[in-house]
Structure formats: structure tokens, C-alpha cells
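Q: Each step along the sequence shown adds one to the number in the working numbering, with nothing skipped, and position 49 is 49.
To be clear, the hints were calculated from the coordinates, so they are not data collected in a lab. Hints are not guaranteed to be accurate.
Only pairs whose alpha carbons sit at most 25 Å apart, straight line, appear in this in silico BS3-like list of lysine-lysine [said to hold, decoys possible]:
{"hint": "1", "residue 1": "LYS24", "residue 2": "LYS37"}
{"hint": "2", "residue 1": "LYS24", "residue 2": "LYS122"}
{"hint": "3", "residue 1": "LYS25", "residue 2": "LYS52"}
{"hint": "4", "residue 1": "LYS122", "residue 2": "LYS52"}
{"hint": "5", "residue 1": "LYS25", "residue 2": "LYS55"}
{"hint": "6", "residue 1": "LYS52", "residue 2": "LYS24"}
{"hint": "7", "residue 1": "LYS37", "residue 2": "LYS67"}
{"hint": "8", "residue 1": "LYS52", "residue 2": "LYS37"}
{"hint": "9", "residue 1": "LYS24", "residue 2": "LYS67"}
{"hint": "10", "residue 1": "LYS67", "residue 2": "LYS80"}
{"hint": "11", "residue 1": "LYS122", "residue 2": "LYS91"}
{"hint": "12", "residue 1": "LYS91", "residue 2": "LYS66"}
{"hint": "13", "residue 1": "LYS122", "residue 2": "LYS37"}
{"hint": "14", "residue 1": "LYS66", "residue 2": "LYS55"}
{"hint": "15", "residue 1": "LYS122", "residue 2": "LYS80"}
{"hint": "16", "residue 1": "LYS91", "residue 2": "LYS25"}
{"hint": "17", "residue 1": "LYS25", "residue 2": "LYS66"}
{"hint": "18", "residue 1": "LYS80", "residue 2": "LYS55"}
{"hint": "19", "residue 1": "LYS80", "residue 2": "LYS52"}
{"hint": "20", "residue 1": "LYS67", "residue 2": "LYS122"}
{"hint": "21", "residue 1": "LYS91", "residue 2": "LYS67"}
{"hint": "22", "residue 1": "LYS66", "residue 2": "LYS24"}
{"hint": "23", "residue 1": "LYS80", "residue 2": "LYS24"}
{"hint": "24", "residue 1": "LYS37", "residue 2": "LYS80"}
{"hint": "25", "residue 1": "LYS55", "residue 2": "LYS67"}
{"hint": "26", "residue 1": "LYS55", "residue 2": "LYS24"}
{"hint": "27", "residue 1": "LYS24", "residue 2": "LYS91"}
{"hint": "28", "residue 1": "LYS25", "residue 2": "LYS122"}
{"hint": "29", "residue 1": "LYS25", "residue 2": "LYS67"}
{"hint": "30", "residue 1": "LYS122", "residue 2": "LYS66"}
{"hint": "31", "residue 1": "LYS91", "residue 2": "LYS55"}
If you anchor each label on the Cβ, the simulated ranges turn out as follows [to be verified]:
{"hint": "32", "residue 1": "ASP79", "residue 2": "ALA34", "range": "15 to 21 Å"}
{"hint": "33", "residue 1": "THR75", "residue 2": "PRO35", "range": "22 to 28 Å"}
{"hint": "34", "residue 1": "LYS52", "residue 2": "MET120", "range": "17 to 23 Å"}
Here a beta-carbon is modelled for each residue, glycine too, at the ideal position from N, C-alpha and C.
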Amino acid sequence: MELTAEWNKDPNAYLKRYYTLYYKKEDNLYVRQAPNKICVLGLLEASADSIKSIKFNTDLIGQNIKKDTVLCELTGSDDKTRSVQAFMDGKLLEFNTALTDNLDLLFNRSLDYGFLAVIMPKHENSSIQLQEYQTDI
1 MELTAEWNKD PNAYLKRYYT LYYKKEDNLY VRQAPNKICV LGLLEASADS IKSIKFNTDL
61 IGQNIKKDTV LCELTGSDDK TRSVQAFMDG KLLEFNTALT DNLDLLFNRS LDYGFLAVIM
121 PKHENSSIQL QEYQTDI
């Protein structure tokens, strides 16, 4: 099919076509929002020099979360810890636990396989949740 022919050349073509991409540059985050309003949260940029481990707060899976809920902690090569917050109210559906064994996904595939979490926004009108995000980088 012509519609999906491009997907073989560019695996991200599906994401580009069906998911709206939002940025929160000051916090180094992105959100990909699916047509059903589910949001995929990830880091815009990650450096192998700056992150050596990730620890997810797995007790939160299936729970309601708030904007300031700490989803995970990133430990840097300098042993300093940085917290990543949800930045939206909703229900945490899952973490990308593949990152605990393969941090390389975070560095080289952050916009697809290297996402951090999947969140169902609280409000039916998800633009309320994404008002702090922008669509241009």
C-alpha cells in the first residue's frame, strides 16, 4: 500500500503520521500524543556521558499521578541524581523498563524505543495537560 510504503524506509514515519509531538525544552522532555489521547513521555536529549543509571518508581504503575510526581531518577556519571517528573495529571500506565537493562535506547533512540513512560491524561481535553508544551522545538 502506498500509505504504508514509507514506513519500511523510515520506521518513525508511523509515529510522525499518527502521534502529535510536543516539547518542553526547558525540562528536556517530549510527549508524543496518540489519537486516543494517551501520552508517551521521554527525554529530548540524553548523553551517555551524563547518565549512567535509571531507577523507575514502579509502585506508581496503575496509580493516579500529578504534575510534580517523580516518575524516575537518573544518576549521572558524577553520581548526582536528577528527578524526572510527570508534568501532567493522569494515570501512569507503564514504564519503559527496557531502559534499566539497555540505557543505550535512551541515548540513541529516545524519540521512539527510548521513551520513559506512558500516561493517560486526566482531562478529556488533553490540551489542558499539554498547555506548557510547545509543538516547535
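Q: Evaluate each hint against the coordinates.
A: Right, here's what the structure says about each hint:
{"no.": "1", "hint": "LYS24 x LYS37", "result": "18 Å, holds"}
{"no.": "2", "hint": "LYS24 x LYS122", "result": "19 Å, holds"}
{"no.": "3", "hint": "LYS25 x LYS52", "result": "22 Å, holds"}
{"no.": "4", "hint": "LYS122 x LYS52", "result": "32 Å, violated"}
{"no.": "5", "hint": "LYS25 x LYS55", "result": "22 Å, holds"}
{"no.": "6", "hint": "LYS52 x LYS24", "result": "23 Å, holds"}
{"no.": "7", "hint": "LYS37 x LYS67", "result": "17 Å, holds"}
{"no.": "8", "hint": "LYS52 x LYS37", "result": "32 Å, violated"}
{"no.": "9", "hint": "LYS24 x LYS67", "result": "13 Å, holds"}
{"no.": "10", "hint": "LYS67 x LYS80", "result": "23 Å, holds"}
{"no.": "11", "hint": "LYS122 x LYS91", "result": "7 Å, holds"}
{"no.": "12", "hint": "LYS91 x LYS66", "result": "9 Å, holds"}
{"no.": "13", "hint": "LYS122 x LYS37", "result": "10 Å, holds"}
{"no.": "14", "hint": "LYS66 x LYS55", "result": "19 Å, holds"}
{"no.": "15", "hint": "LYS122 x LYS80", "result": "32 Å, violated"}
{"no.": "16", "hint": "LYS91 x LYS25", "result": "23 Å, holds"}
{"no.": "17", "hint": "LYS25 x LYS66", "result": "20 Å, holds"}
{"no.": "18", "hint": "LYS80 x LYS55", "result": "13 Å, holds"}
{"no.": "19", "hint": "LYS80 x LYS52", "result": "10 Å, holds"}
{"no.": "20", "hint": "LYS67 x LYS122", "result": "11 Å, holds"}
{"no.": "21", "hint": "LYS91 x LYS67", "result": "11 Å, holds"}
{"no.": "22", "hint": "LYS66 x LYS24", "result": "17 Å, holds"}
{"no.": "23", "hint": "LYS80 x LYS24", "result": "22 Å, holds"}
{"no.": "24", "hint": "LYS37 x LYS80", "result": "34 Å, violated"}
{"no.": "25", "hint": "LYS55 x LYS67", "result": "19 Å, holds"}
{"no.": "26", "hint": "LYS55 x LYS24", "result": "22 Å, holds"}
{"no.": "27", "hint": "LYS24 x LYS91", "result": "20 Å, holds"}
{"no.": "28", "hint": "LYS25 x LYS122", "result": "22 Å, holds"}
{"no.": "29", "hint": "LYS25 x LYS67", "result": "16 Å, holds"}
{"no.": "30", "hint": "LYS122 x LYS66", "result": "9 Å, holds"}
{"no.": "31", "hint": "LYS91 x LYS55", "result": "19 Å, holds"}
{"no.": "32", "hint": "ASP79 x ALA34: 15 to 21 Å", "result": "37 Å, violated"}
{"no.": "33", "hint": "THR75 x PRO35: 22 to 28 Å", "result": "35 Å, violated"}
{"no.": "34", "hint": "LYS52 x MET120: 17 to 23 Å", "result": "31 Å, violated"}
Violated hints, in rising order: 4, 8, 15, 24, 32, 33, 34; the structure is consistent with all others.
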